[in-house]
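*Asks:* What follows is the residue order along each chain.
2 protein chains.
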Amino acid sequence: MALIVQKFGGSSVANAERVMNVARIVTDTYAEGNDVVVVVSAQGDTTDDLIEKAKEINPKASKREMDMLLASGEQISIALLAMAIEKLGYHACSLLGWQAGFNTSSVYGAARIKKVDTARIKQEISEKNIVVVAGFQGINKYDDLTTLGRGGSDTSAVAIAAAMHADRCQIYTDVDGVYTADPRKVKNAVKLDEITYDEMLELATLGAQVLNNRSVEMAKKYNVVVEVLSSLERVPGTIVKETVKMEKMLVRGVTKDTNVARISIIGVPNVPGIAYKIFGKLAAKNINVDIILQSVGRNDTKDITFTVSRDHSELALEILNNLDVLEGLKIECDDKNVAKVSVVGAGMETHPGVAATMFQALFEADINIQMISTSEIKISVLIDINDADEAVRVIHNAFIPEE
Amino acid sequence: MALIVQKFGGSSVANAERVMNVARIVTDTYAEGNDVVVVVSAQGDTTDDLIEKAKEINPKASKREMDMLLASGEQISIALLAMAIEKLGYHACSLLGWQAGFNTSSVYGAARIKKVDTARIKQEISEKNIVVVAGFQGINKYDDLTTLGRGGSDTSAVAIAAAMHADRCQIYTDVDGVYTADPRKVKNAVKLDEITYDEMLELATLGAQVLNNRSVEMAKKYNVVVEVLSSLERVPGTIVKETVKMEKMLVRGVTKDTNVARISIIGVPNVPGIAYKIFGKLAAKNINVDIILQSVGRNDTKDITFTVSRDHSELALEILNNLDVLEGLKIECDDKNVAKVSVVGAGMETHPGVAATMFQALFEADINIQMISTSEIKISVLIDINDADEAVRVIHNAFIPEE
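Respectively, the protein sequence lines represent chains X and C.
Under my numbering, the first residue of the first sequence carries the number 1, and numbering increases by one thereafter.
Under my numbering, the first residue of the second sequence carries the number 1, and numbering increases by one thereafter.
Bound conformation, chain X alone:
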């Protein structure tokens, strides 16, 4: 008998029919002899609707009250899913974040899980209940409700799996696994049977969006075996774990990320400490900088170019424009015309040919590379946004030929 944690997102429980579908998956897993803990998000657009209600009354509402408001969303979905499970003849018990033992930090809207006290979950399992837990939420030291921020329900599920030493954490989505490229764009994209945490982290960061990054980091830290699979089709998904068997496939995935802005600072004086001041200030405001490129400029100056996510470009510009050391310098920002395309694969670090193959594919397609960044398991290039889909296709074909 195994312990399985299953997580279903908002679209999987958006209406009565889908809630019943989820109940069938859950009860089938239970009927196979497993203990089951299910984590669910708020139904469909509930969270957005609640945010809208709040804005109408007070656009600057305190984050404590926003969390109080938003946490009601999962409360509705856990109760409905428990009722659906009862309808199928099984015993269920829904638990709110605080009832399920989710102790978090006090940062409303973006709380971190500090500890999951699993006593209540264990008790309900021992009483033969299927346990339905509200994702995305917890309680802080003041006994106030907190939410974990975007993608929090994935993290809730992995946290329970870690605390309970579950045999598997299944994340149900609307795709049936992790693909080597977006299957809607690249017709010979291949579904991966397995992928490492590190590869998944790179893919998640790069916009594959099947799994929230925080949850993958937590899964890696506590060695939780995660499976990404579809709530609509009953087929095996992709397993995310520490090591995967070596396959002939060198590259795990080719991804496109259009949430990118390129910022350039022209003519920076060639004195020490300036890069530290620039990137220290950005980091202090929680702005993640990705690719950084420094080139020799004219007259003993240099040009510094880097990328940030598009959402952060305005704030980044504001910070740079207020930085004493950059006074009078030209700062350019392109937050509309660039995209980042990357290849990811744990095997590539020992294969120097990967970069060459990638660049050749882009050259042959006449696609200009603006910036390059490499890590042990990925190579990213910044290119024109209009070339992005074509770039993904030609790179994918170079590594995973069309059948």
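Treat the hints as calculated values from the structure; they're not laboratory data.
Possibly wrong hints are sitting among the right ones.
A pair holds if it fits inside one copy or across any two, identical chains being indistinguishable in the list.
Calculated cross-link-like contacts (lysine to any residue; reagent style SDA-like; alpha-carbon spacing at most 25 Å) [unchecked claim]:
(1) 185 / 336
(2) 60 / 87
(3) 128 / 90
(4) 53 / 25
Keeping the supplied structure of chain X fixed, place chain C upon it in accordance with the hints.
*Replies:* What follows is chain C alone, placed relative to chain X:
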């Protein structure tokens, strides 16, 4: 400086505009130098919408999960009201039932308040917060959410007022007080400045519906001064308390209740213990029996007639039809054509003329009386439902003449 508990029902917080209106009433009370605890219900039709969602999935959902579902309604309204109060420049803190210390019995859907642990409310008041509490809900000894049943928010408000020794408990509604009759039906109905708990209890039971009965019982028990007033017009309401100054007005109100069914059992054998068996069985299923009439029948039998609320008539019939001692007897039920009209007034017990005046008024209007019931402070008659509005008018005119 006084401590005021205010309660606003679902229609008072149905949309953003009304929530802001409530926030203005609350902050005005606070600005006058009072400490304020506000109790709110779920917005408008939220509770009904949630019940609908549940029915779609499982019409026989467990009561535990129903309470989990329904409790989300007040969670939304307390957060929104706290945000509205913040918007007006005041500090607010919303608290769920369990955070506000509402410990209840374990009966889901109809929990009784066992204790209000006011530590958290007091702490928030000491920090100069306006405290916004979710009505209708609490927590049981299993740490599970419970709801108090219909009208529970009134009871929540009175319970806080009792536990905190509040100076006043204001129940805001869509009418501006308690009237001698329904002012929409009786044009010379008079608003009462004051009314006793006992009178209010009779009025509440009889369908005046401004205050839930349980809350009046609790107010009486703990001597909480309650004020019924309008959330739309800023005028003084009606004060409910232990004793009121004697006024010339003998009768406090004339009410109509159409939620009545009349059940008759014909030809009951004239042996001891049968009434006990009938009414004992009904009481065991929580069916309240109101007027009871026993008449001599033919051949040493008797006829027993009584009224129950219309919602209970089906269940009552089922119980009676399965009762051994009634086997073969004719059982009739009229749950469509009868109404109960009552006069209420603490003064009437010492004035034997009240009943005579009431019956005369009905006689002169040619209205037939089917059953009569009297208590120390009320007289009720069962009549044809088509005569009910006319009966209220003529009785009201007999005691409170048109100006």
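*Asks:* Are the hints correct? Go through all of them and say.
*Replies:* Hints, verified against the model:
1. 185 / 336: within (21 Å within a copy, 66 Å between copies)
2. 60 / 87: Between. Shortest inter-copy distance 8 Å satisfies the 25 Å Cα cut-off; intra-copy 42 Å does not.
3. 128 / 90: within (9 Å within a copy, 48 Å between copies)
4. 53 / 25: between (33 Å within a copy, 21 Å between copies)
When each numbered hint is compared with the structure, no violation occurs for any of them.
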